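Novice: Chain by chain, the residues run as shown.
4 protein chains.
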Amino acid sequence: MQVIFCIKHLPTRKIFLFCYGEVSLLFAKRTDLALEAREIFEESGASLPDGVKSREYRQGMAGVTCIDIESEEGERALGKARGSYITVALPELWMRDSDSVFTTAQTLAHELKPLLPECGAVLVVGLGNRFITPDAIGPLCTEHIIVTRHLLEQMPDEFGGLRAVCALTAGVLGLTGIETAEIVRGVVQRVHPSAVIAVDALASRSAERLCRAFQMSDTGVTPGSGVFNARATLDKKSLGVPVIAIGVPTVVDALTLTADTLEQAGHSLPESPMLRERENLMVTPKDIDALVHKSAKVIGYAINLALQGDLTAAEMEQFLS
Amino acid sequence: MQVIFCIKHLPTRKIFLFCYGEVSLLFAKRTDLALEAREIFEESGASLPDGVKSREYRQGMAGVTCIDIESEEGERALGKARGSYITVALPELWMRDSDSVFTTAQTLAHELKPLLPECGAVLVVGLGNRFITPDAIGPLCTEHIIVTRHLLEQMPDEFGGLRAVCALTAGVLGLTGIETAEIVRGVVQRVHPSAVIAVDALASRSAERLCRAFQMSDTGVTPGSGVFNARATLDKKSLGVPVIAIGVPTVVDALTLTADTLEQAGHSLPESPMLRERENLMVTPKDIDALVHKSAKVIGYAINLALQGDLTAAEMEQFLS
Amino acid sequence: MQVIFCIKHLPTRKIFLFCYGEVSLLFAKRTDLALEAREIFEESGASLPDGVKSREYRQGMAGVTCIDIESEEGERALGKARGSYITVALPELWMRDSDSVFTTAQTLAHELKPLLPECGAVLVVGLGNRFITPDAIGPLCTEHIIVTRHLLEQMPDEFGGLRAVCALTAGVLGLTGIETAEIVRGVVQRVHPSAVIAVDALASRSAERLCRAFQMSDTGVTPGSGVFNARATLDKKSLGVPVIAIGVPTVVDALTLTADTLEQAGHSLPESPMLRERENLMVTPKDIDALVHKSAKVIGYAINLALQGDLTAAEMEQFLS
Amino acid sequence: MQVIFCIKHLPTRKIFLFCYGEVSLLFAKRTDLALEAREIFEESGASLPDGVKSREYRQGMAGVTCIDIESEEGERALGKARGSYITVALPELWMRDSDSVFTTAQTLAHELKPLLPECGAVLVVGLGNRFITPDAIGPLCTEHIIVTRHLLEQMPDEFGGLRAVCALTAGVLGLTGIETAEIVRGVVQRVHPSAVIAVDALASRSAERLCRAFQMSDTGVTPGSGVFNARATLDKKSLGVPVIAIGVPTVVDALTLTADTLEQAGHSLPESPMLRERENLMVTPKDIDALVHKSAKVIGYAINLALQGDLTAAEMEQFLS
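In the order they appear, the protein sequences are chains A, B, C and D. In case it helps, the working numbering puts the first sequence at residues 1 to 321. In case it helps, the working numbering puts the second sequence at residues 1 to 321. In case it helps, the working numbering puts the third sequence at residues 1 to 321. In case it helps, the working numbering puts the fourth sequence at residues 1 to 321.
Only chain A is shown next, with the shape it has when bound in the complex (with noise of 0.2 Å):
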C-alpha cells in the first residue's frame, strides 16, 4: 500500500493532513500529535520504519508517550521532522479540578526542562489567532509568561537571580500581512535568544485528547518536508536556535471525525458533498472557551517552572499580577 502525505494550509494554522491509501484517496485524518500519526501509520497496516523509536511511562496521573524520530523514512511514516515528541496525556478529571492547574503545570515542566538550553535568554513566542476561541491558545498562553529579560537589563542586581525571558504574539498572516516566521525571525535577531518556545493550538483526530494531550518537541513548528514553504518554518534550521514547541489540541478535524467513525463502522468515506460541507467544520468541546483559557494558563506556568526553577503557586501568582 502506498502512502501520500500531504498537507493543507488552514487560514489561521498549519494542520497536517494524512492521506493514505490508494490514489483514490479514501480517507483523510488530520492530526498535529506525533502519537496519533503512529496510530493512523500503524491503522493502515504497514509497519513502523526503523527510526521511530518509543516508550511510555506514568508521571503521577499522567501517562507519557515519547516518539524519537531519528530517520527519514520515519520522517515520511509520520510526516514529521526528525527530533522527540513527548506527549503528557491527562486524565479527564484534570480540567474539572480547578486545583490542579499548579500541580499539571509541574508535570509538563518536568518535561519539558530537558529540551530547554541550560542558561540564556528565551523568547517564547505566542502563535495563533487571539480572535477565534480554539486557536487562542499561543496569545492567552503568552499573558501568563513571567516576563524579565527588560528587568535584568535595568536591575540587573535585584533580579539577578531570574532567567531572561521575553515574550511575542506574533498574530497571524491573514491580520498582519507577514509570515509569523519573518516576524520571529526579526525579532530573534535583535534579541539573540539561546532558544524559542513556540506555542500553538493543534488538532486531534480524537475527542478524547482534547485539551488533555499536551505534546513537546525540540523539532521547531514546521509544515512538513522541504518541499513547502520554507519561509513558514520555524526551526533550528530558518531561525539558527533551537525551537522548542508546546501545544495542545483544541479541535477535531470534521472530516477526521467522520472518517473515524465510518471506518470503525467497516466504511470507507465516500466522495460526497457531505464531505465538502464538513470541510469548514471543527469539532470542540462544549466549555471550548472555559478549556482554552485553563489550557493556556498551564502552559504559560509549565514554561515559567521550567525557565525559572521551582517557584511556588503564590510566588507564580505575585510575577504575574
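Because the hints were derived from the structure by calculation, they are not lab data. Accuracy of the hints is not assured; some may be wrong.
Copies of one chain are not kept apart here, so a pair can be met inside one copy or by any two copies together.
Claimed, not checked - Simulated pairs of lysine to aspartate or glutamate, DMTMM-like, Cα-Cα distance not exceeding 20 Å:
hint : residue 1 : residue 2
1    : 237       : 72
2    : 113       : 218
3    : 297       : 111
The structure presented is a predicted model; accordingly, all values stated were derived computationally and were not measured.
Please arrange chains B, C and D on chain A, whose structure you already have, making use of the hints.
Specialist: Quick look at chains B, C and D alone, frame taken from chain A:
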C-alpha cells in the same frame, strides 16, 4: 414503528433530542428547527399526520419554509408545540458579504412583522450564555436592539414616533441560580409588554444550516410537551403575553453528525465508547466567533426594522451608537 | 452657612453631588462614601447634628470606620439614608500583592456578615454597566459569586450544607429601557430571597480611596431622600426585604478634584468654561482595568465567605471553576 | 526664565513632561501634542525662537494646525524633534454622530497622504497596551487596517490595484520584555517597507482635546532629543525608513490638570502629598471605552484611504469583514 421523544437539558441551553426507532434507541438526532424535525420524521418512513401544514416560497435570495402545527398528533410527531414556524434559509454567500447584514435583516423583518402585535411595548429577551461563543447569540443580539421605553417615558414628545422597546439579558441557570423563565416572568409582571421576543442560539442536525437558517415562531420557547419542566417554558401560557422566538443554529451535536454520517453510509449508530465521548462535543464552523457576532447583529436589526418601521442603515447605526 | 444638597443622575450610575455654601454654589463635590460625606460636612465648618455616630477601629492591616445615621437631621447633613455605613480602608499595598485577594475578602466578610440575615436565600445583584470599565464592578462581581440556589432545589441532599444564593446582572437603564429597580423588584417577587446584596461601583472625592475603601451598608442603594425618584430606590421599602449595599470607589469626579485642589490652595471654584468641560471627565488610576477586576473578585469572595462560612481559598476556586 | 525639559517613561507609553520655571520646578505639564507644547511655551512668557513656523486653516468642520520645527532652538523650545506636526481638531459633535466615522477619516486622510511616500509597501505598527483602555488605540487600530501584502505576494494579478500594506501590534515592554523599537526594527529588516506608520494613544493637557485632536507627524515617535534612550526611538535614523506617527490624546495627566487649574486661579503648584498621590491618576472622558474604539476605527480608515485611494464606505467594510 414507535416514536419516542425525549429531551436533554444541556448546561446552558435546552435542545431537543429526538430518539426514534425501536426500544434499542438506534438513532439520536438533535435539532431545534421545525424544518429538520419534519425531515427526521419523514426519514423514519412514517407519514406526517393531519394538522401539519407546510409551504415554501422564495423572498429574494432566501428560501422561506412555513410549517404550521395545528393538531396534537402534529405536536407529537415533530416534538414541537402548536403554532407557526418560519425558516428563512440564506445562501452561503451572505456570510462572506458585509453589505448583506442590512438586506438580510430586511428579509427577516418581512417575515417577523406579521408574528408581532401591531402596537404596544415589546420586551426583547436575549437567552443563552455570554461566555460560550456559540451560545452567545441572545446576549449579543440585545446589544443591537434600539431601546426606547425609557426615552418614551421621559420625553414622550421627542420620541413619539417610536414604539416602546426594552431589552433584557437573562443569564443562564448555572450562572444565576434562577430559572430564566422566572426572571422573565418577574420582569413581564412589572413592565407589562404586549409581547416578548426571545432570541436564542439553536442546534441543527445539518452543518449547512449553521448561521444560515433563521427560524421564527409564535409558539414561544418551550422544551416540549406537558410532562416536562413547565416552569422553564417561555410562552403565552406562562407569561400571559405572546412570545415570539427567533434563533439561528450555531452548533451541530457531534452525536447527530455521527448518526447522520453512518445512516448515509447505510449503518445504524452502535452503542460504543466512541459515542459516549462525543456527547460533550459540538461541531461549529471554523469562523464561529465572527459568524456569531454577525448573526446576532442581523437578528437585532431585523427586530428593529419589524418594530420601528422603515429605518435606513444610517438611521439604525445612529440610534445604536 | 446654608447647606444645599442636590443629586445628579449620571448616565450609568447615580452619584451624589454635594453642593454647599452660598447661593453662588461655590464648591461642588461628589462622593458615595458616608465617610467622605461626613468629611465634607465638617469641612464646611458646621458641626455634626445629633443622630450621627462614628467609631473607628483596626482589623489587621485595615482601618474600619462605622458611621450610624439615626436621625432626620443626620440624613440631611450627610445626604444619606438612615442606617449603618461601614468602610474598610486598605493600605495601598493590597493592590500590588496578589496573595491579598483572599485575606482582604476575609476582612470584608467579617464586617459584612453581621449586616446579613442569619438564614434564608440571598439574591446578589450586580449594578452598573459592563461595557464601561470603572462602572463594571457589579457585573464582574457576579461572576465570582458561588451560585447554589438551583443546586439546592435539584439536589438538596448533596448540597445541604450550603446557603441558597442566586445572582443577577441587571443592566443599566440606557441599555435595557427598564429601571434597574423594576427588574430587581420583579425577580424578588418570584424568588423571595431573605435579603438582597447590591454591588456597585462608587465615586469618591479622594484619589487615595480609589479601589481601596470598601463600603458596606444596610440601607440599600438609594439616591437620597423622599423627594427623589422613588422608583429607582433599591431598599427594604421598595423591595420588601433588607438590601445590603457593597461598593468601592473607582472614579473621582474631575470637578471634585478641581474643587479640592483649589480649596487646598485657598481658593474657591470659579464659574468658568474650564469647569463645564470637566463635567464629563472622570479621574481613575492608570491601572484601572486591572484594579476593577481585582476589586470585583474581592467583593465576590467576601460575599461567598459571609454567606457560606469558612471556605478555604482552594474550595472557593473549586466552586467557581 | 530658564526652560528645562525632562521626560518620564510611564509604564506603557512615553509621554512628555515639560517642566519650566525656576529651579524649584513649579509647574509640570505633560502633553504629546506639538500644538500644546507651543501653547505651554508661550504661556511661560518666552517668545518662540526662529525655526518654528505655524499656520492654521479649516477643512470642512475641522480646524487644522501645522507646526514646522526647523531649528535646534525650535526643538529645544517645544521639546520635540525637527519636522512637521499636523493637528486636525474636530468639533465635539463628531463623537456623538455615528455617520461621521467615514467622513472624519476622509478629513484625516487628506492631511496624511502628503506625509507618505507615493509608492512601496507600508508597515502599520499599533503601539500601546491592549489591556489598558485609553492605551489601546494602537492595537485596536490595526484591526481596521486593510492588510494586503500577503495577498499581493500570493495572487498579484487579482490584487494588483492595491498597495502592499502589513500590520503589527508590537506589545509593550512590560508584557514582552523587549523594547518595542527592537521588535519593529527586526520586522522592518525582514519586510523592507518604504515607510512605517506608527499609531499610538497620546496625552493632552486639555480635556477638550481628548479623542478630538488627531496629530500626524513625519518625525517618528521619539521621546525627545539625543540625550534620551535612543534605542526606544522609532524614526528614520533608527529604522532606516520614514516613520509617520498618528495619534489622538485619550488622557490628561491628573497632575497637569491640577497645575492648569491652579495656574488659572493665579497659583503655583505646591509641593504636597496631594500631588504625589495624583501621579498615578489619569483623567479620561466618562465614555472612554466607546471613544477609544471609535477613534481607533477612524485612524484605521484614514490610513486605508490614504494608502488605497478612494474607497467607498461599503468597499472599506467589505475588505475588513
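Novice: Is the C-alpha distance from residue 237 to residue 72 at most 20 Å within one copy, between copies, in both cases, or in neither?
Specialist: within (17 Å within a copy, 48 Å between copies)
Novice: Should residue 113 paired with residue 218 be assigned to within, between, both, or neither, using CA atoms and 20 Å as the limit?
Specialist: within (11 Å within a copy, 47 Å between copies)
Novice: Classify it for me, residue 297 with residue 111: is the Cα-Cα distance of at most 20 Å met within a copy, between copies, both or neither?
Specialist: So residue 297 and residue 111 pass the 20 Å test inside one copy only (17 Å; across, 34 Å).
Every hint, counting from the list given before, is met by this structure.
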